[in-house]
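Participant: Now for the letters of each chain:
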Amino acid sequence: MSHPEATGSANNAGPSNNAGSGNSAGSTSQPFDVAVVGGGIVGAAIARELAGYELSIALVEARDDVGDGTSKANTAILHTGFDAKPGTLESRLVRRGYHLLGEYAKRTGIPVERTGALLVAWTPEEFDALPSLAEKARANGYEHCEIVDAAEVYRQVAALGEGALGGLTVPDESIICTWTTNLALATDAVGRGVRLLRNHRVEAVTVAEDATTLHTSAGDVPARWVVNAAGLGADVLDRLFGHDRFTVTPRRGELLVYDKLARPMIDKIVLPVPSKVGKGVLISPTIYGNVMLGPTAEDLTDRTATGTSEGGFEFLLDKGRRLMPRLLAEEVTASYAGLRAAIDHGDFLIQADPTQRYLLVGGIRSTGLTSGMAIGEYVRDLIAEAGLTLVPKAELPDPPRMPNLGEAFPRPYQRADLIAADPAYGSVVCFCERVTAGEIRDACRSVIPPASLEGLRRRTRAMNGRCQGFYCGAEVSDLFTNSRNEATR
Amino acid sequence: MTDPSLPVRTPDVLIIGGGPAGLTAARTLAPKVPGQVLVLDREKTAGGIPRHSDHTGYGLRDLRRVMSGPAYARHLVTAAERAGATIRTEATVTDWVDDHTVEVTTPQGRLRVHAPAIILATGARERPRPARLIPGDRPRGVYTTGHLQNLVHLHHAKVGRKAVVVGGELVSWSAVLTLREAGCRTVLMTTRYASPESYAAFNLPGRTVLGVPVATRTRVTRIIGHGRLQAVEFENVDTGQRRTVECDTLVLTGDWIPDHELARWADLDIDPGTRGPVVDTALRTSRAGVFAIGNLVHAVDTADVAALDGAHVADQVLAWLADPKPPAGGVRIAADEPFRWVAPNLLRPGDPAPARRRLLLWTDELVRVPHVAVRQGGTVLAQRRLPWPASPGRVFRVPSSLLRDVDPSDGDVHVGLV
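Heads up: the protein sequence lines correspond to chains L and Y, in order.
Numbering-wise (the working numbering), the first sequence opens with residue 1 and increments by one.
Numbering-wise (the working numbering), the second sequence opens with residue 1 and increments by one.
Treat the hints loosely; a few may be bogus.
Claimed, not checked - Sample of chain L residues facing chain Y (criterion: CB under 10 Å; computed from the structure):
1) D259
2) F313
3) N485
Said to hold, decoys possible - Short derived list, chain Y residues pointing at chain L, Cβ under 8 Å:
4) T10
5) T86
6) T89
7) E90
8) P107
9) P130
10) L133
11) G146
12) L154
13) E261
14) G350
15) A353
To be clear, the hints were calculated from the coordinates, so they are not data collected in a lab.
All C-beta atoms in this analysis are idealised placements derived from N, C-alpha and C, irrespective of residue type, glycine included.
If we strip away everything but chain L, and leave its shape as in the complex, we get (with noise of 0.2 Å):
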């Protein structure tokens, strides 16, 4: 356990003054600082980062929330860092990131799990390959891997399947809930006074002598420097400033989420041995209790192409009888696919270009959860060599106190003495994820309010649990109508 002061409680981030959801920036002639493109991990953590000065920041999204792409879906793990290619770009912002990530998840109660991960070799090849698994670690800096031998493979993780010939232990990676990180970095910039422009696709770009004009969806955004953290449309918004340098290639990754009944089984993260097609199959604790299998990773063209397959199931479900076929007995409690923005280059992408104040952030894959405070830092320190002028704000408001989802800590249905103080944290609405009337009411009323049922589920686990909405869906809605319709009184 990380962090016992996670507790869940109501947001006490304020009145929702900054981050409506569909507001256009065309009422504001004078342009921003900075315009940061892109509403995911990376592009919250650098306009959160930013704002720590004394510069006026939009931070543009084009869909309808935070954190609805890329970084939505992916599996949720704090990581070392311990498999990155030591010397990268990537390697040292994982390593950096994993501990500003972890310190801040204290402050704001972003809840993290320190489980630990076992890497399990299953032939001779990957077991001959942990040794120097272990001095790739020690070269990006992480200490604490040890070679076991099968038999303490079994003992860590007794559900395994048949056939494991030993591993490699990896004690300080963690899970974490990815979708409060997005949100607590985009609630905590706009605290900072970034100006949050949800529904702002961004379709076209002009660069004029004194500022960029982002023409989205929703109206005109000048601003004289933008920072593209698009995910995966970074490319396209790259073409529009006339560089050619890589192409996004969607990589879908499929997940199969078992029921919380399954986590007995499992208290780490299970790794398979990465292979050059990627890190593969793992099996994993989900920060709200439940068993994650996955992902599968499959190239594709379509950039909207978020839907599961037969054959990803297939394939998840043949790796899950191999890997832990108890688990296989369990429900399935949801299946997801995410999109995670691979691309043609080794590294992440981090560029700057002076002349047309204009700073690429590509090549972000899963690490980007781990890193993304660490970019903000680094895209601070580039765009401030490439010309922009930063005189730290000489007060910042204190990080947002995070409403907790994490199963391993207290929530508001079992705290007595919040139930005491209001009933509304008594009323357990979604029976499957415990969630309350209260939580649900306290989303609506957040700095960043969910735009839908579907954002509503990423702020407070509801509907999420095993039934699907079969009990709660219909009370749900309702209850979202009536707490959206009050907030905006």
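Take the given structure of chain L and dock chain Y to it, following the hints.
Facilitator: Relative to the frame of chain L, chain Y by itself:
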């Protein structure tokens, strides 16, 4: 996380779940126990699934009259209260503290309930889309019947205009009726079986009056649509041929699983077939003083049969309260193909006949004239040709008298076909 500082309630009997089974148990027990009979229900109103099943057909076997689901639910609530039971709604059981104590969250606060007898009556639900491993997009407009009926009957919400219903069971027709009330036309029903499963009496009006075509031997292979559902792809499981049907609403019916989480967290023995707790003919679980009734142990039979479990368990609970002696011995009752499960699934020496003197079974194949055999240790102890079919999608009932010659000290009993 449990909290020893919470206030403690100590009823004689705690019933978890206020559906037909739990409420009937409460009504039957309340006049007969000296202390309190407490029903905890997590919904705002007790009554269970019938609350939002707004069509007739309820009450036949237990009340000997027929009424609508909501009227039946209200009737059971009133009867339990009149009999002296206490019903607390919006009360969610969150944890087991020990074998006979649970923790509960209510808007009025957290509390502990300790009772010498606990009856689990948590019911069953339909598997939602992810548990059925249906691939494709994730648009709005995909429901289970429970979700749909909650929306339409309790929240008066709109659904789409053109629906496909997956399943051919009783509940599937119930979904069609609900869709019709919501102004949504059912353009197709699909079932993976060779013939629709529900009673012929229901099928005939369904097909003629409601005019719904039924595609048999058909499974869903893909859901299509960004935002709102646009179409569903189906496959004929015999030919492998696929086709796409345009619709904005998809209702996934049946495919029941007991809502067994409390039973699982209590570490009760679980039957691999029913996936509910193992129960003997007295509806005792593997934990002394903890009973399980209704569709938690046979997902699913009709509401009236679940209710009659509640009446049946009452005498067993009274016997336990009078003389709390853990039961011993007995043999497991197992289902052989084509049956998926049988309930109850444990037979102890000296125990009463099961509720309604029936064994309940679930079949995976249609057997028009079932010739049922009971075997123990390879020997056929009894066999009988039954005049009603074993049909997928509904419970097949077998007289428990077929168990008469079972030796409760010998090996497992198998119920199958000759």
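Participant: Next step is simple, just say for each hint if it's right about the structure.
Facilitator: Checked hints:
Proximity of D259(L) to chain Y holds as hinted, the smallest CB-CB distance being about 8 Å (cut-off 10 Å). At its closest, the beta carbon of F313(L) sits 5 Å from a beta carbon of chain Y; the interface hint therefore holds under the 10 Å criterion. Because the beta carbon of N485(L) sits about 15 Å from the nearest beta carbon in chain Y, more than 10 Å, this interface hint is broken. For T10(Y), the interface hint is violated, since its Cβ never comes within 8 Å of a Cβ in chain L; the closest pair sits about 19 Å apart.
The beta carbon of T86(Y) comes no nearer than 18 Å to any beta carbon in chain L, farther than 8 Å, and the hint placing it at the interface is violated. Of the supplied interface hints, the one on T89(Y) is violated, with its beta-carbon coming no nearer than about 11 Å to a beta-carbon of chain L, more than 8 Å. Checking E90(Y) against chain L by beta carbon gives a least distance of about 6 Å; that is within 8 Å, so the hint holds. Hint on P107(Y) holds. Least Cβ distance to chain L is approximately 4 Å, under the 8 Å limit.
Interface hint status for P130(Y): upheld, as the beta-carbon distance to the closest one in chain L is roughly 5 Å, under 8 Å. With a least beta-carbon distance of about 5 Å to chain L, the hint placing L133(Y) at the interface is held under the 8 Å criterion. Evaluation of the G146(Y) hint against chain L yields a held restraint, the C-beta minimum of about 4 Å falling below 8 Å. Proximity of L154(Y) to chain L holds as hinted, the smallest CB-CB distance being about 6 Å (cut-off 8 Å).
With a cut of 8 Å, the hint placing E261(Y) at the interface with chain L holds, because the nearest CB-to-CB distance is about 7 Å. With its C-beta approaching chain L no nearer than about 34 Å, G350(Y) sits outside the 8 Å limit, and its interface hint is violated. Interface restraint check for A353(Y): the shortest CB-CB distance to chain L comes to about 32 Å, outside 8 Å, so the restraint is violated.
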